[in-house]
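All chains, please: the whole structure from these sequences, using the hints.
2 protein chains.
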Amino acid sequence: MQATQAQLNMNFIGHEAVLGEGDSFQAFAPASHAYLSDEFTNVTVEQADQAVGKAVAAFAAYGKLHPGQRADFLDAIAAEIEALGDELIERAVLESGLPTGRITGERGRTTGQLRMFASLLREGSWVDARINPALPDRQPLPRPDLRRMLVPLGPVVVFGASNFPLAFSVAGGDTASALAAGCPVIVKAHPSHPGTSSLAGQAIIEAARKTGMPDGIFSLLHADNEVAQALVAHPDVKAVGFTGSRRGGLALLKVAQERPEPIPVYAEMSAVNPVVILPGGISDQAGTSVCEKVAAGLAASVTLGVGQFCTNPGLVFLLDSPLTESFLETVAEKIRASAPATMLNAGIHSAYKKGVQQIRVLPGVHVLAEAETEADDERTEGRSAVLTTTAPLFLSNTDLSQEIFGPSSLVVICQTEAELADCLQSLEGQLTATLFATPDELRQSSVDWVTLLQTKAGRVLFGGYPTGVEVCEAMTHGGPFPATSDSRTTSVGSGAILRFVRPVTYQSFPDALLPLALQNANPLGIWRNVDGNLTKESC
Amino acid sequence: MQATQAQLNMNFIGHEAVLGEGDSFQAFAPASHAYLSDEFTNVTVEQADQAVGKAVAAFAAYGKLHPGQRADFLDAIAAEIEALGDELIERAVLESGLPTGRITGERGRTTGQLRMFASLLREGSWVDARINPALPDRQPLPRPDLRRMLVPLGPVVVFGASNFPLAFSVAGGDTASALAAGCPVIVKAHPSHPGTSSLAGQAIIEAARKTGMPDGIFSLLHADNEVAQALVAHPDVKAVGFTGSRRGGLALLKVAQERPEPIPVYAEMSAVNPVVILPGGISDQAGTSVCEKVAAGLAASVTLGVGQFCTNPGLVFLLDSPLTESFLETVAEKIRASAPATMLNAGIHSAYKKGVQQIRVLPGVHVLAEAETEADDERTEGRSAVLTTTAPLFLSNTDLSQEIFGPSSLVVICQTEAELADCLQSLEGQLTATLFATPDELRQSSVDWVTLLQTKAGRVLFGGYPTGVEVCEAMTHGGPFPATSDSRTTSVGSGAILRFVRPVTYQSFPDALLPLALQNANPLGIWRNVDGNLTKESC
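Order-wise, the sequence lines are chains A and B.
For the first sequence, counting from 1, position 338 maps to 929 in the numbering used here; every step adds exactly one.
For the second sequence, counting from 1, position 207 maps to 798 in the numbering used here; every step adds exactly one.
It cannot be assumed that every hint is accurate.
All copies of an identical chain are treated as equivalent in the list; a pair is satisfied when it fits inside any one copy or across any two copies.
[Said to hold, decoys possible] In silico EDC-like cross-links for lysine to aspartate or glutamate, where the CA-CA straight-line distance does not exceed 20 Å:
1. Lys655 to Asp1031
2. Lys944 to Asp1122
3. Lys655 to Asp1039
4. Lys655 to Asp806
5. Lys944 to Glu630
6. Lys655 to Glu1032
7. Lys845 to Glu965
8. Lys801 to Glu637
Hints were generated in silico from the structure; no laboratory data involved.
In structure tokens:
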């Protein structure tokens, strides 16, 4: 990589590094609560249009590449990100306030995702090829030759998230899965980490040049809300990926729905990730102190990363039992001992403080514990808090089921299974739902807890904690509205690629005119469904 | 089947046959242009709510059934439809004006679809099971056990189509795929064929009783628009299937988007199904008169079923060549010789006449040919018509690219490849796009015609005619907006089941608490993705 420093503040309209012709702004360092010296420039609507125009041209060329070439591009992005070395890590730490260890881990997650999609492309079966060969002699009518596979939607706009400056941002999961699917990507950078964004964007452009990708396959834009909405409204944009607030996600969804041609918006927006604890789930077994372990684990999950995860457990439903007191005491002890830490930006920090404050003053809500150490800097550091309330109160006030983004959780103590079931039934859609219980008590209960939680969430955990989202084939990081805007999808794991494709059927095509995945000889060697049977054979 | 005649005019709220408490109406026989004596009753919003309430209860019970039991239910529906015998055929002929042969064929398609989904369920791999077993020793962090499969969305509302009183109606593809997916179905019957609808509904209820399905797994409602919209707005309804007009589909989409929890609407709305003819595609080869054959085939496709198919070829783009005259002459001859025939209902008939009239009076639009025989009944019978125009005129008037539902087509004669490409580029999304050409001329052309058509349609044909939609694994009956409201899906073929499911991940579950599809022993014997490899082995 060359001249990184010189390009730290650049936009990329396709391969071209340019200054925005809109407003300029400075990055903010949350740990020092100070603006940084580098000046960033927002692009104008006209510049954003140029990026879309280049993406349209790139789409046609990119679609003609062998899947292996797309894979090489993704691998090259991972290598270029690694080649940025400490400069990327330091910048991300500076702009996010997150610790170096966390950012280093997140870089590994980012490059791992890119390489996972590269190997998915090389294996190739993800295109869900289906072949029904012609039956010319069928009665009463012959059947034509029909072959179907998944093809890319077209240019995709991705909105980076503030809480994962690498893994859910410029070169994150949305970008990796859209590029893997065959779609050009235009990233609208998150203003919380503009320098990190530019560096990651530069890595992608460098990888595109080195692997001969068409100009326009990727653009990185710093932009205000007006330009962001214009991008979503642009007729040549065919899908949107977003991770962030509910308000932000819904605003983009509205723009997308009101287009003459509506397009899919994959917005991962908000969740409180309920944790349900039945007495058996914290009963001591064979001398192990399960109750203490679960309570300590919960407190650790609530405070992890200053609570700034979409999967943070914000609600705990505890079925009252003789263990309640001891459970709560351990949680309280751990929360009191937790250290305040810098939050991602001033807006998140003040929203967190305000959110906790609004709840704690309600009659019937009690503060179980707060971090005892005062914050070094009241303007930036979040202090953990766990509150308690009762099921009737919870049910009577929908404010209590809203997400407070940060290291807090509300424990709802339920007196009966019916109360607990009512509470769960009242919840909106969630990314995760966790159940602590024994198989025996599940069998004996009159409520089907697993099914109840499954209707509410994209991932159901038996024990464990929802923070920590594995990147793998079996992950669902999604869930019913408003956890996401489209419950049929995941934004993490190999399934994320399915968001950016649609099926196309080719009828009666000469073999040579078919895409490789559908040709008789199966030149890609992929699994295909031929008349209902999965096979790698030719047909 | 018992007491069919007595129940011809019934609604079914779950298993219970009831009269609607709303307005009453009579069926209409298009062939005789007369109302029939049977009186049907629309349900009220309250009755529709009861159906949804029953569906919610049934959803929980239905989800616990072995996939084989759902398959038995679908097979039983097919058997009950056949058991209705001639009564169903005669009623459908009476209410649709379609010939007996066509309706008999459509019944075969309907029962075939149901049995296809039954065998898909028995094979079982469609749930896309993915397993990443735990890696307790992985560094730096252990990996939990993660297992993911597709689960049903919940109660689905289906709107029957007027043009397929069996195959896209009460027991049609939407109902079959939603029931197969595990979703209860509430059908809003099309008022064009209420008796046919009640008979099919009765067959489904009979099958549900015989196979022990929960009350509420299926409801059939006659209803007005207000009740229809209330169904789509009901918080417990989780998806909508629709086949019909663009106006109708967009109205439902709007209701679904404005819900507090938006839900997917799968509306198959409109298409003009462009047919592109390059000179090579109609050049005579080895003594065969290709030109005449293609022209005659096209005329047959335009007039098939009085043009009342979503895949009717409404636009033909002909690249001008020495063959133009002879091609058009054959088309004209066939169209002139075509017989007028009864259309589905008075609304469709008058919209067709009006649509053709609006186009034919435009300067630069010429009538190439019309059916020469006068209609026996001007109020009901549609007469075929083919018109011609030029590319510049086509490009200057978007009215010319709108669907006219019926046996007409507009031939746009293009002077250059660039003109032709501009015309195609201007089109909205389509169900199908057809290309007549030789592989040689495609290679030599400066335009990538296949890719251009693929961006516009869900199914691309090389030669052949778009009417005739095979029910199979490889079919895509879908396409970019406004052909459908969701280009990522198909409403015909086994892929239709994917519209009514979402992925759910189970983390760290005891084996016995997992769904069968995800248990270690693979008791269903399905294909599963285990750490990226497809296998039927246990894990």
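Consistency of the hints with the structure:
Taking the closest pair of Cα atoms, lysine 655 and aspartate 1031 come within 20 Å of each other only across two copies (19 Å); inside a single copy the shortest separation is 56 Å, beyond that limit. In the homo-oligomer, the alpha carbons of lysine 944 and aspartate 1122 never lie at most 20 Å apart, since the shortest distance is 59 Å inside one protomer and 42 Å across protomers. Taking the shortest alpha-carbon separations for lysine 655 and aspartate 1039, only the inter-copy value of 11 Å comes in at or below 20 Å, while the best intra-copy value is 50 Å. Taking the shortest alpha-carbon separations for lysine 655 and aspartate 806, only the intra-copy value of 14 Å comes in at or below 20 Å, while the best inter-copy value is 52 Å.
Taking the closest pair of Cα atoms, lysine 944 and glutamate 630 never come within 20 Å of each other, the shortest separation being 30 Å inside a single copy and 64 Å across copies. Proximity of lysine 655 to glutamate 1032 under the C-alpha cut-off of 20 Å is restricted to the inter-copy arrangement: shortest distance 19 Å between copies versus 56 Å within a copy. In this homomeric assembly, lysine 845 and glutamate 965 never come within 20 Å of each other (Cα to Cα): the closest approach is 42 Å inside a single copy and 50 Å across copies. When the C-alpha separation of lysine 801 and glutamate 637 is checked against a cutoff of 20 Å, the pair qualifies neither within a copy, at 28 Å, nor between copies, at 64 Å.
Consistency with the previously given hints fails for numbers 2, 5, 7 and 8, ordered from lowest to highest.
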